[in-house]
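Chemist: Listed here are the chains, written in short residue letters.
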Amino acid sequence: MGSRYQMQERFGPWGRAGQERLRQGRAVVVGLGVLGGTAAMLLARAGVGFLRLVDPDHPSLDNLHRQVLYSEQDVTAGRPKVEAGAAYLRSLNSEVSIETHQVALGPGNALDLLRGCGVVLDGLDSAAARYLLNEACLKLGIPLVHAGVIKAQGQLVVVRPGQGPCLRCWFPSRREPPASSAELGIIGPAAACLASLQTAEALKILVGAQDQVLEGLLSVDLWPPRFRTLEHRHWDRQACPACRGQYELLPGDSPGL
Amino acid sequence: MDGGGPEISVVVDGFAERLPAGMSLTALILRQQAQHKDLVAEVNGRFVHPRDYDSVLLNEGDRVELIHPAFGG
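Chains as they are written, first to last, in our numbering: chain S, 1 to 257; chain P, 258 to 330.
These aren't lab readings, by the way, just hints derived from the structure by calculation.
As the structure is a prediction and not an experimental result, all values here were calculated from the model.
We put the beta carbon where it would ideally sit given N, CA and C, even for glycine.
Among these hints, one or two may not hold up.
[To be verified] Sample of chain S residues with no beta-carbon within 12 Å of chain P, all distances over it, derived:
id: 1; residue: Ala39
id: 2; residue: Val75
id: 3; residue: Ser97
id: 4; residue: Gly108
id: 5; residue: Asp112
id: 6; residue: Leu113
id: 7; residue: Arg115
id: 8; residue: Asp122
id: 9; residue: Pro161
id: 10; residue: Pro189
id: 11; residue: Ala195
id: 12; residue: Leu217
id: 13; residue: Thr229
id: 14; residue: Glu248
id: 15; residue: Pro251
[Unchecked claim] Stretches of chain S that chain P covers, calculated by requiring three or more beta carbons in the stretch to come under 8 Å of a beta carbon on chain P:
id: 16; region: 57-68
id: 17; region: 131-140
[To be verified] Simulated restraints, written as ranges between beta carbons of each label pair:
id: 18; chain 1: S; residue 1: Arg237; chain 2: P; residue 2: Gly302; range: 33 to 39 Å
id: 19; chain 1: P; residue 1: Asp309; chain 2: S; residue 2: Arg115; range: 46 to 52 Å
id: 20; chain 1: P; residue 1: Gln290; chain 2: S; residue 2: Asp236; range: 27 to 33 Å
id: 21; chain 1: S; residue 1: Glu183; chain 2: P; residue 2: His306; range: 27 to 33 Å
id: 22; chain 1: S; residue 1: Glu95; chain 2: P; residue 2: Gln290; range: 49 to 55 Å
id: 23; chain 1: S; residue 1: Gln210; chain 2: P; residue 2: Gly261; range: 28 to 34 Å
id: 24; chain 1: S; residue 1: Pro172; chain 2: P; residue 2: Gln290; range: 19 to 25 Å
id: 25; chain 1: S; residue 1: Gly162; chain 2: P; residue 2: Gly302; range: 31 to 37 Å
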């Protein structure tokens, strides 16, 4: 019988060394909806050593068409997403250490929730929370793998603190879009596609393949299908308050590093 | 096509468009009925900050990509 991870270890750029780095790796998934839940599932199956899950909510029936961690029983029982998700992930891979936090990311807890992890995955569902997550990652110097999805489209950005544009550089307006996914809808395959791309970037960081990480913004549309990569050739660290260390969303007395 | 002046050919989101010569990025965005401040714009592979939309004038053969950020998850 082969080993649990032999198929991904046979992928040359990953190998056994990468698998060992992944086993020692620590990831935090903030938001356990379709993006975060799918990403957490892929990370757990791949054998990440430690997974921290953050979400305040409970799954609802209208989540089930796209959110892979939850069952009808979880909805009926009113189990929190982090609890139901952790139970499912442990059933997939008992080797993964899972820590849960049933809280919303906020200015007062953001740094503590992220600290000690090698990569942060953005599974949030609002622009406001994402700008906060962006600042916290910049302050702690932790790579952030951002994805967002609506209708049949979305985008992916990897923020490498101090080395390239952050979310605020890409989306300087800092406004919520005029319509939310609750109004415009969202289809499972688009979200799963973005979550899969997001997980691939996180895994590259965890296995030590930083040179393969996405540069720029990857825009994905499935209806009709179109993938585009945009480059941010004008990045100027000093032009962005968040990149130059002026954190407007974190408390001024945050301990930070 | 609006107006009767000289035209240029510009590729917008992968589709060739005939546009009035000298059109600004702001005017194109309005023409596309997009939300001015809430999108990511790129001209010829170069990110354009929203503060520069008025001053970027499109030229023959330019390639423009306009992306509306998605913030669901």
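Chemist: The structure should be examined with respect to each hint, and the outcome stated for every one.
Modeler: Hints versus structure:
1. For Ala39/S, the non-interface assignment is contradicted: its Cβ lies about 10 Å from the closest Cβ of chain P, within the 12 Å cut-off.
2. Its beta-carbon lying about 19 Å from the closest one in chain P, Val75/S satisfies the requirement of being farther than 12 Å from that chain.
3. The claim that Ser97/S lies off the interface holds: its Cβ sits roughly 24 Å from the closest Cβ of chain P, which is beyond the 12 Å cut-off.
4. Distance to chain P confirms Gly108/S as a non-interface residue, since its nearest Cβ pair spans about 22 Å, more than 12 Å.
5. Against the 12 Å criterion, Asp112/S stays outside the reach of chain P, whose nearest CB is about 22 Å from its own CB.
6. At roughly 17 Å, the least C-beta separation between Leu113/S and chain P is larger than 12 Å, which holds for a residue marked as non-interface.
7. With a closest Cβ-Cβ approach of about 22 Å to chain P, Arg115/S is found to remain outside the 12 Å limit, as its non-interface label requires.
8. Its closest Cβ contact with chain P, about 7 Å, brings Asp122/S to no more than 12 Å, contrary to its assignment away from the interface.
9. The beta carbon of Pro161/S sits about 19 Å from the closest Cβ of chain P, which is more than 12 Å, so the claim that it is off the interface holds.
10. The non-interface label for Pro189/S is consistent with chain P: the shortest C-beta to C-beta separation is roughly 14 Å, beyond 12 Å.
11. With a least CB separation of 9 Å from chain P, Ala195/S falls inside the 12 Å interface cut-off, contrary to its annotation.
12. Consistency note on Leu217/S: stated as away from chain P, yet its beta-carbon is not over 12 Å from all of that chain's, at 6 Å minimum.
13. Distance check for Thr229/S against chain P: the nearest CB is about 9 Å away, which does not clear 12 Å, and the non-interface claim fails.
14. Separation of Glu248/S from chain P is adequate, the least Cβ-Cβ distance of about 18 Å exceeding the 12 Å criterion.
15. Residue-level check passed: Pro251/S sits 24 Å from the nearest beta carbon of chain P, beyond 12 Å.
16. A count of 0 residues in the region 57-68 of chain S with a Cβ less than 8 Å from any Cβ of chain P is obtained; the coverage claim is therefore unmet, three being the minimum.
17. Counting residues of the region 131-140 of chain S whose C-beta sits closer than 8 Å to any C-beta of chain P gives 0, which falls short of three, so the coverage hint is violated.
18. In this structure, Arg237/S and Gly302/P break the distance hint of 33 to 39 Å, their C-beta atoms being roughly 21 Å apart.
19. Roughly 37 Å separates the CB atoms of Asp309/P and Arg115/S, a value that falls outside the hinted 46 to 52 Å.
20. The hinted range of 27 to 33 Å is satisfied by Gln290/P and Asp236/S, whose Cβ atoms lie roughly 31 Å apart.
21. Range check, Glu183/S to His306/P: about 28 Å between beta-carbon atoms, so the 27 to 33 Å window is met.
22. Range check, Glu95/S to Gln290/P: about 51 Å between beta-carbon atoms, so the 49 to 55 Å window is met.
23. For the pair Gln210/S and Gly261/P, the supplied restraint of 28 to 34 Å is violated, since their beta-carbon distance comes to about 54 Å.
24. The hint said 19 to 25 Å for the Cβ distance between Pro172/S and Gln290/P, and at roughly 21 Å that hint holds.
25. A hinted range of 31 to 37 Å for the beta carbons of Gly162/S and Gly302/P is inconsistent with their spacing of about 24 Å.
The structure shown violates the earlier hints numbered 1, 8, 11, 12, 13, 16, 17, 18, 19, 23, 25.
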